[in-house]
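Q: What follows is each chain in one-letter form.
There are 2 protein chains.
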Amino acid sequence: MSQSSSWQELVADKKRRQEASVPRNWLVTVPPDTVLDVTAFPEQCGLLSERELEITNTIDVGVLLQKLAAAEWSSVEVTTAFYKRAIVAQQLVNCLTEIFVEKALARAAELDDYLKTTGSVVGPLHGLPMSLKDQINLKGLETTIGYASWVGKYADKDAVLAEILYECGAVPFVKTNIPQTLMWPETYNLIFGRTLNPANRLLTCGGSSGGEGALIHLKGSPLGVGSDIGGSIRIPAIFNGLYGLRPSYGRVPYEGSANSMCGQDSIPSALGPLSNSLSGIKAFMQAVISREPWLRDPLAVRKKWDDEEYALAGHGNGQALCFAILWDDRIVIPHPPIIRALEMTRDALIAAGHKVIDWKPIKHLELGDAIFRICKAGALEDLMVATAASGEPILSSMSLTEEVIVDTSTRPDLIGISAYQLWQIQNAKAHLRKEYLDHWERTVEATGTGRPVDAIISPGAPFAAPPHGKNGNPNYTQVFNVLNYVACAFPVTKVDPTLDAKKPPHQFLNEADEVNYNLYDPITFQNAPVGLQLVGRTLEEEAVIAMTEIVDSALKATASA
Amino acid sequence: MSQSSSWQELVADKKRRQEASVPRNWLVTVPPDTVLDVTAFPEQCGLLSERELEITNTIDVGVLLQKLAAAEWSSVEVTTAFYKRAIVAQQLVNCLTEIFVEKALARAAELDDYLKTTGSVVGPLHGLPMSLKDQINLKGLETTIGYASWVGKYADKDAVLAEILYECGAVPFVKTNIPQTLMWPETYNLIFGRTLNPANRLLTCGGSSGGEGALIHLKGSPLGVGSDIGGSIRIPAIFNGLYGLRPSYGRVPYEGSANSMCGQDSIPSALGPLSNSLSGIKAFMQAVISREPWLRDPLAVRKKWDDEEYALAGHGNGQALCFAILWDDRIVIPHPPIIRALEMTRDALIAAGHKVIDWKPIKHLELGDAIFRICKAGALEDLMVATAASGEPILSSMSLTEEVIVDTSTRPDLIGISAYQLWQIQNAKAHLRKEYLDHWERTVEATGTGRPVDAIISPGAPFAAPPHGKNGNPNYTQVFNVLNYVACAFPVTKVDPTLDAKKPPHQFLNEADEVNYNLYDPITFQNAPVGLQLVGRTLEEEAVIAMTEIVDSALKATASA
Numbered sequence: 001m002s003q004s005s006s007w008q009e010l011v012a013d014k015k016r017r018q019e020a021s022v023p024r025n026w027l028v029t030v031p032p033d034t035v036l037d038v039t040a041f042p043e044q045c046g047l048l049s050e051r052e053l054e055i056t057n058t059i060d061v062g063v064l065l066q067k068l069a070a071a072e073w074s075s076v077e078v079t080t081a082f083y084k085r086a087i088v089a090q091q092l093v094n095c096l097t098e099i100f101v102e103k104a105l106a107r108a109a110e111l112d113d114y115l116k117t118t119g120s121v122v123g124p125l126h127g128l129p130m131s132l133k134d135q136i137n138l139k140g141l142e143t144t145i146g147y148a149s150w151v152g153k154y155a156d157k158d159a160v161l162a163e164i165l166y167e168c169g170a171v172p173f174v175k176t177n178i179p180q181t182l183m184w185p186e187t188y189n190l191i192f193g194r195t196l197n198p199a200n201r202l203l204t205c206g207g208s209s210g211g212e213g214a215l216i217h218l219k220g221s222p223l224g225v226g227s228d229i230g231g232s233i234r235i236p237a238i239f240n241g242l243y244g245l246r247p248s249y250g251r252v253p254y255e256g257s258a259n260s261m262c263g264q265d266s267i268p269s270a271l272g273p274l275s276n277s278l279s280g281i282k283a284f285m286q287a288v289i290s291r292e293p294w295l296r297d298p299l300a301v302r303k304k305w306d307d308e309e310y311a312l313a314g315h316g317n318g319q320a321l322c323f324a325i326l327w328d329d330r331i332v333i334p335h336p337p338i339i340r341a342l343e344m345t346r347d348a349l350i351a352a353g354h355k356v357i358d359w360k361p362i363k364h365l366e367l368g369d370a371i372f373r374i375c376k377a378g379a380l381e382d383l384m385v386a387t388a389a390s391g392e393p394i395l396s397s398m399s400l401t402e403e404v405i406v407d408t409s410t411r412p413d414l415i416g417i418s419a420y421q422l423w424q425i426q427n428a429k430a431h432l433r434k435e436y437l438d439h440w441e442r443t444v445e446a447t448g449t450g451r452p453v454d455a456i457i458s459p460g461a462p463f464a465a466p467p468h469g470k471n472g473n474p475n476y477t478q479v480f481n482v483l484n485y486v487a488c489a490f491p492v493t494k495v496d497p498t499l500d501a502k503k504p505p506h507q508f509l510n511e512a513d514e515v516n517y518n519l520y521d522p523i524t525f526q527n528a529p530v531g532l533q534l535v536g537r538t539l540e541e542e543a544v545i546a547m548t549e550i551v552d553s554a555l556k557a558t559a560s561a
Numbered sequence: 001m002s003q004s005s006s007w008q009e010l011v012a013d014k015k016r017r018q019e020a021s022v023p024r025n026w027l028v029t030v031p032p033d034t035v036l037d038v039t040a041f042p043e044q045c046g047l048l049s050e051r052e053l054e055i056t057n058t059i060d061v062g063v064l065l066q067k068l069a070a071a072e073w074s075s076v077e078v079t080t081a082f083y084k085r086a087i088v089a090q091q092l093v094n095c096l097t098e099i100f101v102e103k104a105l106a107r108a109a110e111l112d113d114y115l116k117t118t119g120s121v122v123g124p125l126h127g128l129p130m131s132l133k134d135q136i137n138l139k140g141l142e143t144t145i146g147y148a149s150w151v152g153k154y155a156d157k158d159a160v161l162a163e164i165l166y167e168c169g170a171v172p173f174v175k176t177n178i179p180q181t182l183m184w185p186e187t188y189n190l191i192f193g194r195t196l197n198p199a200n201r202l203l204t205c206g207g208s209s210g211g212e213g214a215l216i217h218l219k220g221s222p223l224g225v226g227s228d229i230g231g232s233i234r235i236p237a238i239f240n241g242l243y244g245l246r247p248s249y250g251r252v253p254y255e256g257s258a259n260s261m262c263g264q265d266s267i268p269s270a271l272g273p274l275s276n277s278l279s280g281i282k283a284f285m286q287a288v289i290s291r292e293p294w295l296r297d298p299l300a301v302r303k304k305w306d307d308e309e310y311a312l313a314g315h316g317n318g319q320a321l322c323f324a325i326l327w328d329d330r331i332v333i334p335h336p337p338i339i340r341a342l343e344m345t346r347d348a349l350i351a352a353g354h355k356v357i358d359w360k361p362i363k364h365l366e367l368g369d370a371i372f373r374i375c376k377a378g379a380l381e382d383l384m385v386a387t388a389a390s391g392e393p394i395l396s397s398m399s400l401t402e403e404v405i406v407d408t409s410t411r412p413d414l415i416g417i418s419a420y421q422l423w424q425i426q427n428a429k430a431h432l433r434k435e436y437l438d439h440w441e442r443t444v445e446a447t448g449t450g451r452p453v454d455a456i457i458s459p460g461a462p463f464a465a466p467p468h469g470k471n472g473n474p475n476y477t478q479v480f481n482v483l484n485y486v487a488c489a490f491p492v493t494k495v496d497p498t499l500d501a502k503k504p505p506h507q508f509l510n511e512a513d514e515v516n517y518n519l520y521d522p523i524t525f526q527n528a529p530v531g532l533q534l535v536g537r538t539l540e541e542e543a544v545i546a547m548t549e550i551v552d553s554a555l556k557a558t559a560s561a
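Line by line, the protein sequences are chains A and B.
Using the UniProt record's numbering, read the first sequence as starting at 1 and increasing by one per residue.
Using the UniProt record's numbering, read the second sequence as starting at 1 and increasing by one per residue.
Incorrect hints may have been included.
Note: identical chains are not told apart, hence a pair may lie in one copy or across any two.
Below, computed lysine-lysine pairings styled on DSS-like, alpha-carbon distance capped at 25 Å [unchecked claim]:
1. Lys15 x Lys153
2. Lys556 x Lys304
3. Lys139 x Lys15
4. Lys139 x Lys434
5. Lys376 x Lys502
6. Lys153 x Lys434
7. Lys494 x Lys470
8. Lys157 x Lys434
9. Lys157 x Lys363
Hints were generated in silico from the structure; no laboratory data involved.
Using the sequences and the hints, build the whole thing.
A: Next up, the structure:
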């Protein structure tokens with residue numbers, strides 16, 4: 001398309017090309033929109049063979065990797081199986097952006113040949129198909145991050161993370177949908193449209209890594225990569241019943257990936273994995289770190305994978321841990337299913353021999369304000385520049401009906417501030433981080449373990465996946481971005497109208513709390529997955545994964561008891 | 001002093017109090033200003049006993065620590081010895097700000113008691129007196145960073161680093177002089193005046209950690225702490241013949257220390273040690289990191305001291321390394337003594353069995369421009385706020401005669417920019433960092449070791465300590481702050497008029513190069529120490545210290561051959 005194309009023309013062109021990239025024989029007759037829960041459809045639609053269903057239903061990435069390494073399953077058949085299921089997912093919930101079957105299968109075939117010829121795997125992710133948020137550049141493919149203006153912007157090289165994943169033997173096979181700018185906790189843009197929640201298509205899949213969330217929810221990918229600046233990995237992970245890790249800044253290389261607000265150094269976004277299994281999260285982190293990303297990304301932290309930290313050397317070797325539950329952030333009281341999930345987790349941990357105390361949240365309002373103001377400092381100019389080429393509208397909402405151009409004359413709050421003013425907010429943020437760290441350290445007085453609290457168990461949102469356009473301020477996740485704490489989302493249960501009846505109104509903390517209370521009714525949210533996040537310290541990825549395994553095992557033990 | 005005091009009154013008050021803090025019996029008759037080299041004076045002045053001279057002449061911090069731990073020397077006598085020498089230094093070169101003899105000796109006595117009673121040391125720095133740049137808060141003492149407006153600003157708690165040093169058994173005993181704002185490579189402010197270079201008092205001691213440089217030069221402190229945002233540790237270290245380490249951001253805790261331009265997150269300043277011995281540098285880094293600073297400073301990197309990295313596991317175990325020499329940065333050609341130091345280092349390394357190739361500098365002008373523009377983004381507002389209370393002038397030069405208030409109407413280049421504009425500069429900086437990293441990695445093709453260059457050997461400035469007011473743009477150091485590389489300054493030689501004759505003019509690279517050429521004559525610079533810096537990668541402190549030890553041993557071996 002020429003530079004002077006209108007945004008509508010760019011979008012139409014891209015949509016045509018996207019449709020053409022789907023193999024005709026993978027099209028299925030999808031259920032009508034009135035069917036809300038489509039999670040069973042991939043198994044019912046008839047497109048996948050028994051073996052392909054067995055492969056794609058193998059949610060433990062560790063097992064998939066073993067079978068691939070043992071050549072029990074070839075990469076071509078595993079990639080084909082997940083590709084077919086991903087294309088079914090696309091037809092159900094619109095979760096994909098880039099589809100490149102030929103390229104992916106060629107790579108899978110190469111890997112199969114290599115294994116056959118040499119008897120060894122290329123790397124720790126040998127043969128595994130992986131989905132990537134439409135932000136991680138793959139050479140020769142477009143990256144739009146939801147801007148119509150970026151249609152036709154082909155990457156001239158792989159992002160550093162993609163390079164590393166290829167070297168580890170992974171097979172990137174689809175890219176996934178995002179909201180315009182990446183800065184929304186839902187997934188809608190003017191090019192690819194909206195991604196839906198497979199458990200209930202009237203609900204959002206979350207965002208900004210929402211395409212990943214919906215795709216993996218439908219087992220259309222065993223392992224995906226998202227990014228998280230305010231919850232963008234954890235929110236879709238939780239809304240889709242997945243595991244999702246938000247690492248510290250720089251533990252996973254960002255270099256060469258597209259982003260909005262480039263140069264905003266103070267609260268950087270972090271790339272991280274989403275999966276149906278914790279073994280997927282761990283395999284990803286170990287594999288990526290093993291490639292020494294700091295030799296290719298100047299912002300990547302020189303810190304090897306630490307097996308001692310994974311063995312919880314700093315946390316009593318994982319025996320008799322003390323977890324603290326954040327029941328609410330004193331801003332918005334979570335809905336009944338979230339409280340139930342916290343109770344289930346508490347009970348499971350106690351049953352497993354751990355200690356559970358309450359977490360006292362401090363300054364969550366101020367922390368949320370810090371990220372809001374830092375991002376807002378130059379966001380409008382950034383948006384204007386990004387959208388100028390095509391004149392596309394700037395979305396001011398993720399709701400079904402509104403698509404509003406931001407008008408600077410009527411939205412003075414979006415006008416940028418000076419560098420000096422930005423420094424003042426950033427300085428205040430540094431003080432908040434110190435206060436929170438000291439607060440955490442002081443819990444040593446309450447744990448009885450001789451250590452401060454080992455991890456916080458917190459809601460990732462005050463609700464399960466809400467209806468489209470209703471996912472407000474992501475404060476339950478973004479406070480931990482401001483603090484740069486490692487946080488891992490994990491699934492707990494589903495909204496169950498019989499267990500999760502609406503409660504009588506409480507004394508509302510503020511207007512937002514009242515709005516949130518009114519949002520809930522068990523029927524609207526029914527069947528939505530319910531998850532939580534486990535929060536550890538900065539650069540404690542190994543320990544956070546290990547502690548999430550402990551929580552997960554405890555929950556599974558209770559469920560099967 | 002009341003809030004409405006004029007800056008002159010504040011300064012006069014502070015000077016009176018500072019003078020009163022010096023024990024009367026430690027005053028000496030100092031040589032006249034016409035005596036330029038005063039380095040021998042502390043030994044000649046008669047204030048220090050034989051034993052006090054033996055103690056203070058023990059420049060190896062490792063040895064000092066052994067003797068302290070063995071109670072061969074008590075902390076009280078070691079602290080007294082260094083204190084007396086520091087007060088002599090003060091009278092010679094004006095290097096101190098806070099003097100608190102009683103407090104320091106009381107602490108030393110406590111430590112002696114502890115060792116006597118328990119038989120064990122408090123920590124790895126037991127009994128060692130340490131000097132701190134006037135930026136690191138000590139409870140109950142003032143911190144001015146050179147602002148008259150900050151006189152009377154008493155710290156209500158210790159900086160995290162001070163806390164840690166106390167826990168390690170150190171005895172903070174003086175604070176040292178700085179330039180107003182900390183943002184100059186010399187040391188002059190309106191409160192404490194100018195610090196001089198002990199080797200030649202017509203020359204600058206460098207800055208901003210210039211008080212440290214001059215004090216340690218005169219062996220008035222065995223180990224000091226400075227800070228470095230553009231060379232502020234390395235420049236005074238080199239100008240005074242010392243070792244000085246600029247660690248990566250966050251390896252040493254900054255929390256609780258005063259600073260200018262707080263909230264400027266993109267190129268943070270880093271605290272680090274200066275010493276007459278590399279054993280001092282190593283002891284400091286090991287001790288500080290052993291206290292897990294990340295549990296008190298949210299910006300401190302969770303990374304233990306790594307003995308494997310110190311053993312150069314990633315650098316061929318220290319055998320047959322490949323160093324690259326940066327002969328000049330293609331902006332300003334260094335003066336003859338600096339070139340001679342590079343040649344000496346090259347020859348010594350080759351003689352020690354290492355390989356030496358040339359380093360090709362790329363984008364040093366752009367890197368320098370990035371830090372200049374990022375700091376300038378809000379610097380003026382920051383200065384205005386800091387100086388508003390007393391109306392003190394803002395220095396626009398470090399020269400002897402000029403003290404000029406910055407006038408915004410005539411200095412439009414100092415007016416701040418928008419947050420969005422700042423992001424663009426920060427983004428360009430990120431790209432430069434990637435380019436430099438790739439450039440370094442590609443040297444694997446030239447080293448013959450199978451590894452990229454192990455370290456760069458670079459000038460820390462294109463000159464030895466120049467006359468006051470003549471230390472221009474510190475580009476040889478600041479490029480490595482932008483890149484966040486670890487860099488350790490080390491001494492090599494002294495300016496020697498017979499060896500370092502002025503050369504005929506070369507083809508000047510630009511006006512700055514010509515100005516620099518014209519600055520040199522061997523007599524002006526005579527006797528000035530000449531040092532260099534060894535530059536390694538981000539978060540490679542252990543390896544950089546170990547490689548500087550290798551260079552240092554090689555130089556000493558050549559000198560004694």
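Q: Please go over all the hints and tell whether each is borne out by the structure.
A: Verification of the supplied hints:
1. Taking the shortest alpha-carbon separations for lysine 15 and lysine 153, only the intra-copy value of 15 Å comes in at or below 25 Å, while the best inter-copy value is 64 Å.
2. For a Cα distance limit of 25 Å, the shortest separation of lysine 556 from lysine 304 qualifies neither inside one copy, at 31 Å, nor across copies, at 35 Å.
3. For a Cα distance limit of 25 Å, the shortest separation of lysine 139 from lysine 15 inside one copy, 20 Å, qualifies, whereas the shortest one across copies, 65 Å, does not.
4. Taking the shortest Cα distances, lysine 139 and lysine 434 sit within 25 Å of each other only across copies (18 Å), while inside one copy they are farther apart (41 Å).
5. In the homo-oligomer, the alpha carbons of lysine 376 and lysine 502 never lie at most 25 Å apart, since the shortest distance is 36 Å inside one protomer and 55 Å across protomers.
6. With identical chains, the CA atoms of lysine 153 and lysine 434 are at most 25 Å apart between copies only, with a shortest distance of 21 Å across copies and 41 Å within one.
7. Taking the shortest alpha-carbon separations for lysine 494 and lysine 470, only the intra-copy value of 19 Å comes in at or below 25 Å, while the best inter-copy value is 70 Å.
8. When the C-alpha separation of lysine 157 and lysine 434 is checked against a cutoff of 25 Å, the pair qualifies only between copies, where the shortest distance is 14 Å, while the shortest distance within a copy is 39 Å.
9. Taking CA atoms no more than 25 Å apart as the test, lysine 157 paired with lysine 363 passes between copies only; the shortest distance there is 22 Å, against 42 Å inside one copy.
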